[in-house]
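Engineer: These protein sequence lines are chains X and Y, in that order.
So the first sequence is numbered by this note's numbering: it starts at 633 and just counts up by one.
So the second sequence is numbered by this note's numbering: it starts at 633 and just counts up by one.
Hint data in this document are derived by calculation from the structure and do not stem from the laboratory.
Errors might be hidden in some of the hints.
Given that identical chains are not distinguished, each listed pair holds provided it fits within a single copy or across any two copies.
[Stated by the list, open to error] Simulated pairs of lysine-lysine, DSS-like, Cα-Cα distance not exceeding 27 Å:
| hint | residue 1 | residue 2 |
| --- | --- | --- |
| 1 | Lys-1214 | Lys-1237 |
| 2 | Lys-1253 | Lys-1237 |
| 3 | Lys-1237 | Lys-1220 |
| 4 | Lys-1253 | Lys-1220 |
| 5 | Lys-1342 | Lys-1299 |
| 6 | Lys-963 | Lys-915 |
| 7 | Lys-1133 | Lys-777 |
| 8 | Lys-1299 | Lys-943 |
| 9 | Lys-810 | Lys-1007 |
| 10 | Lys-661 | Lys-916 |
| 11 | Lys-943 | Lys-1226 |
Chain by chain, the residues:
Protein chains: 2
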Amino acid sequence: MEEFDLNRGSFTLPGEAGYEELTLHLAEKWGADVIRDSDGTSLSPEILQAGYGIYSTVCVIRDHNAWIREHPTCRQQSFLMAGPVTAESEELRIDLLEQFFREQFEVNDSPESMAYWQVFDRTTEEEVPVEQWSYDRETGSVCIKGCTPWHQYSVSFLAYRIWEEISMYNHTTNSWDKEHLMQLDPRYPEAAEYLRRWMRSWCEAHPQTTVVRFTSLFYNFVWIWGAEEIFRNLYTDWGSYDFTVSPLALRLFEQEYGYALCAEDFIHQGKLQVTHMPPTDHKKDWMAFVHRFVTGFAHELVGIVHEFGKKAYVFYDDSWVGMEPYGRHFKDIGFDGLIKCVFSGFEVRLCAGVPNVTHELRLHPYLFPVGLEGKPSFAPGGDPAAETLRYWIHIRRALLQQCVDRLGLGGYLHLTIGFDDFNDTIWDMLREFRLIKKLHAEGGPLKLRSRVAVLHTWGRLRSWTLSGHFHETYRHALIHLNEALSGLPVDVDFISFDDVKRVDLSKYQLIINAGREGDAWSGGSAWQDTEVVSRLTAWAAEGGILLGVGEPSATEGYTYRFRMAPVLGVDLDRGERICHGKRPFTEKPDDRMKAFTDRLDWEGKPELYLTDASTEVYKAKDGRIVFSEHPFGKGCGIYLSDFSWSPEGISLLRALLQEAECRRFGKVDMPESGNPCTEAVYYPASHCMAVSNLTEQAQRTVVRYGGKSKEIELKPSDCRYIEW
Amino acid sequence: MEEFDLNRGSFTLPGEAGYEELTLHLAEKWGADVIRDSDGTSLSPEILQAGYGIYSTVCVIRDHNAWIREHPTCRQQSFLMAGPVTAESEELRIDLLEQFFREQFEVNDSPESMAYWQVFDRTTEEEVPVEQWSYDRETGSVCIKGCTPWHQYSVSFLAYRIWEEISMYNHTTNSWDKEHLMQLDPRYPEAAEYLRRWMRSWCEAHPQTTVVRFTSLFYNFVWIWGAEEIFRNLYTDWGSYDFTVSPLALRLFEQEYGYALCAEDFIHQGKLQVTHMPPTDHKKDWMAFVHRFVTGFAHELVGIVHEFGKKAYVFYDDSWVGMEPYGRHFKDIGFDGLIKCVFSGFEVRLCAGVPNVTHELRLHPYLFPVGLEGKPSFAPGGDPAAETLRYWIHIRRALLQQCVDRLGLGGYLHLTIGFDDFNDTIWDMLREFRLIKKLHAEGGPLKLRSRVAVLHTWGRLRSWTLSGHFHETYRHALIHLNEALSGLPVDVDFISFDDVKRVDLSKYQLIINAGREGDAWSGGSAWQDTEVVSRLTAWAAEGGILLGVGEPSATEGYTYRFRMAPVLGVDLDRGERICHGKRPFTEKPDDRMKAFTDRLDWEGKPELYLTDASTEVYKAKDGRIVFSEHPFGKGCGIYLSDFSWSPEGISLLRALLQEAECRRFGKVDMPESGNPCTEAVYYPASHCMAVSNLTEQAQRTVVRYGGKSKEIELKPSDCRYIEW
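Isolated chain X, as found in the complex (with noise of 0.2 Å):
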């Protein structure tokens, strides 16, 4: 068994050239086993023969500028939609870029791009003929004939991206000024060899690095940025596929599938494809396509890594695109770690659901001036220590559920001078999760025999994410459950509708379908599909417990807009029910959940309504339902209007969650802290009871399990450790 030093090991530093000092200082209090070098920082043969483990950060499509200023045409690419713009007469001339800055983009008006081009009339959805428009390479612009007057076109075009995202990114928050790096693309053969080439000549140049830390692989997640600069973010999407098209790679698709994609399968009526809403069956055969070369590519670099005899881990971050390590071909790449930076629990359940990687999470904040969502970190106005305790209190709740291999920090070591209680806050961490790591391995937490399945359009693809981080996605109740989820005592499984027709659904306690009518965590119109109606209908019958919340399962041209509703026993009417008597109703609260459901602030909706007498209130805000139950068959049906990570939020999921235990096994044997603020996870092997703080202020609570209760005070943000 592993030693547990509750002072060493299972840390990662990030080392600075020029602070030699500090590094070998700090990684000596902080008992790291580990050290790498940055974006922006290297590491000196002071620190690399220090004895430590070492990372090397290589991010693959990017410096490579001398290489692709001789093979333009290797540079990545996106389709990019001019317009809509207004015709006044019969002819109009539309810039290709003004709209877009043009410090990223350059037009690719190769032949083979601009056989991808495409003109539409915008006011009838209609394609305009090639007869009808011409380019202009001196003015960059598309020069339409026989326009309607009034009518609005737009021109979808493939672009090269310029400047590397990222690079665009930390140059404009972090007023870098460097070089403005490109990336290649390695669907490009001359691309790929020289990839490999460059690979391997890393690998030679760099025998100290024991572990390849790639960052990450090829694609970025979208990123577009408009010519304004009060208006820069046009577009922005952690999951979508828009940056991994090019020419070569359109045509490669059309030999394989037997189809061709065309410019509108990316621009989507200007829309695009975002991850948010269902995909279409043509964007689906694309991620697939693109995951298959992303993979087989990776494992060919992978490959070359191993040869030096050297690890391979993977951070799961900006470039990750068609790597997906919840799809069907991440496995085949081979590598040996997976790090994930982390502000929030369900980062750290995404990071651990992985199997047969080494686990390593990147904390934040990031050791850098400004943090991402853009207020200061390590600068005037920052206060780091509070920061990391702020992001620890999610993640340690996920990692008391399910542990990771590591941690680590990432950026400019020297940041840190000055922050003495930011380097005591890491320290008191790092032990702690020492301990919790022990915890696991003597036998890991007591948890419910329920299994929760999250239902959603992408199922297990997107495992706990929605599309990036929390604070990018926080106006989906989704992504509150699933961050409520990360740390509450049960197994989880995210399931598609294809999954509901395939698997065997009892071994499920509880299923969450949480979203807007239309979009992929709703599931929009795969509620059209009877066979999942009835197959989750009988599942309810039979005991299981469904939980919508927003507009669950909502779809157009049913009898109830919510298809689920004879479940439910709620729907939805957006007008076609106006003149219907909405049956009256009184709010009960519910004695089991009353001290929580109480303090809900949700906003109900004035459209729900009851479809059924024995649906029960449970609270109600000015009028309007926020949280009913509906008896079907052995199971029920729970609404909730909405839902938002609170204390409150997850104590009513443990009380939904313990609700479908009892109906399965009859009781639910599991520790309970009464104060919501405070949450018990206990671990039988270890006799330990770990009492965690949610909140930044002082609580008391008190713990009852197995017969025996207590009295707890917990400080701010803080965890204790109890023998029990």
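Here the structure of chain X is known, so what remains is to put chain Y in place on it, guided by the hints.
Structural biologist: Positioned in the frame of chain X, the structure of chain Y alone reads:
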């Protein structure tokens, strides 16, 4: 020219047998020229012979219980849907009337009725074959075999309506205790023949009657009551045709149209066919079919009345369905007058806009203990004088623009005893009405030269109204707009999407589209017609102002959800653009409108975003756009997130009208009243300025017109008529 005695004429008084002295006293005081009976009152010979015109109320289809009992198949019917009910096994029994008020309905289980019954699996939305279900007369239930357990099933069936709905309502609201009246269906030849005879003998028996007041025709608006006392109102829609159905009518329809309607055409998955939603083509055919029958048979009855030298007026109320004053065949009936009960200005215009009839308004409050909204009128706690003035503010606004011929009251005259202030208020009001009528006769008000179109699915057929009174439809922005328009100095047309393609739009300076996505007022799938979009876009480019309110022109499947976004400069994101950056904006109050936009309190929509840099946001609330303008060619698009009847709302609309006038005609020459709580209307031929107070508080304003300005004080609810 008509003589105008401000104290006499143009007024219909409700008389009451047993209160002859009161009747004649009030007839004298109020200057009545006509005395009428009401539902529940009669006129004695003393009243009939006092020298007044006599209106006699006839309710054609009720008060024939004896005949109906002998001809029960001639009772009126409706489709109803029992369920949906969840099947727990393969067999399911559904009690047809379980959820309905059994005093209102009786199952019609005749073979010709049952031929139209349909059983549906509402989970799959598939019809269950007739072989799988049977009707059990004993229990009044349908037994379905071969069900899929946990699917939901419904039975659509025909029911006789056995209690005329207005009689049912009056029993309940006003504690009547009389025999339940039934209504006969003149579609059945024996019922029609009976009614012809009855009409003739009625005329013979009422020699003193000068005007037969039809209350109203044959088919009531739909009003379905439920079994539970706390949940009586299952469905009510003033404009829907559910109560016009019968096996005979369905058969005749099939013969005429060459296709058969089925129960589902009416039941529509239990949603029924709400007036607020766009109708199906089948529903449109059915409405036309019923309209032709109703107007045809009404023409016969009116012919009989005319034979007796009497006039025939119709009270456009409860049993109005199929009559359609704005329908193609209304004029064919030959009514001499149209009487409309009114709370609001839009109802005045609705009445006044029907050509070639005498127009009379039946004022509120009705002389009843309790009003339509369920509050006391002529009862303790009631203040009928204040109530009268509250409605009068709205009614007068409209009358100042377009007058009617007569006013009237209805109900139990004796209830006025003790309400002297009411009696005085009516006296004042009648004098004012006669003055307004005089101003119109002398030439009428000064109006804008501009013309406005309100664009929705129903077009002219639903001119001014949506479906019922204001308090029944207040959740729709359009009724607030119609109410505001009813008192503004402009001509208004209500046009359909077909009209957009057919008529010359250049006659309109302002076109309004106001509703929520998918409803009849916004237009729903009508916006999928590109010709509609193109024509409106071209019209705006040529100088038109498009006013979009709420979710104007919203439909799915196009670049923008608002099809008119290119003109409006704003669009709605329902999630498909959640990853798109949204253009930031700064609120820039428009100087011209600042005074009242500051006070607008409408909510913005979180999903609304600017599509164009040139869109100006004049008003936002909590960062959400409430009021914006987007230049487009020579015209523009105005967006309002909502609209409610208020002094500020009216002022805003007036300002937009003046803007439209100015764009077209270069200048506006209209009176202005500086205080938005007041309005000034000028009568050039009479040299009279009417300055009215829109509130129940005293107001002061400065009116400017024709180089003159004058400060004016107004008492609460008052209007002053000033020589100018």
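Engineer: The structure should be examined with respect to each hint, and the outcome stated for every one.
Structural biologist: Okay, the hints, checked on the actual structure:
no., hint, in the structure
1, Lys-1214 - Lys-1237, "both (14 Å within a copy, 25 Å between copies)"
2, Lys-1253 - Lys-1237, "both (9 Å within a copy, 20 Å between copies)"
3, Lys-1237 - Lys-1220, "within (18 Å within a copy, 31 Å between copies)"
4, Lys-1253 - Lys-1220, "within (12 Å within a copy, 35 Å between copies)"
5, Lys-1342 - Lys-1299, "within (22 Å within a copy, 82 Å between copies)"
6, Lys-963 - Lys-915, "within (22 Å within a copy, 58 Å between copies)"
7, Lys-1133 - Lys-777, "between (51 Å within a copy, 25 Å between copies)"
8, Lys-1299 - Lys-943, "neither (47 Å within a copy, 80 Å between copies)"
9, Lys-810 - Lys-1007, "within (23 Å within a copy, 76 Å between copies)"
10, Lys-661 - Lys-916, "neither (48 Å within a copy, 81 Å between copies)"
11, Lys-943 - Lys-1226, "neither (53 Å within a copy, 67 Å between copies)"
In this structure, the earlier hints numbered 8, 10 and 11 are contradicted, and the remaining ones agree with it.
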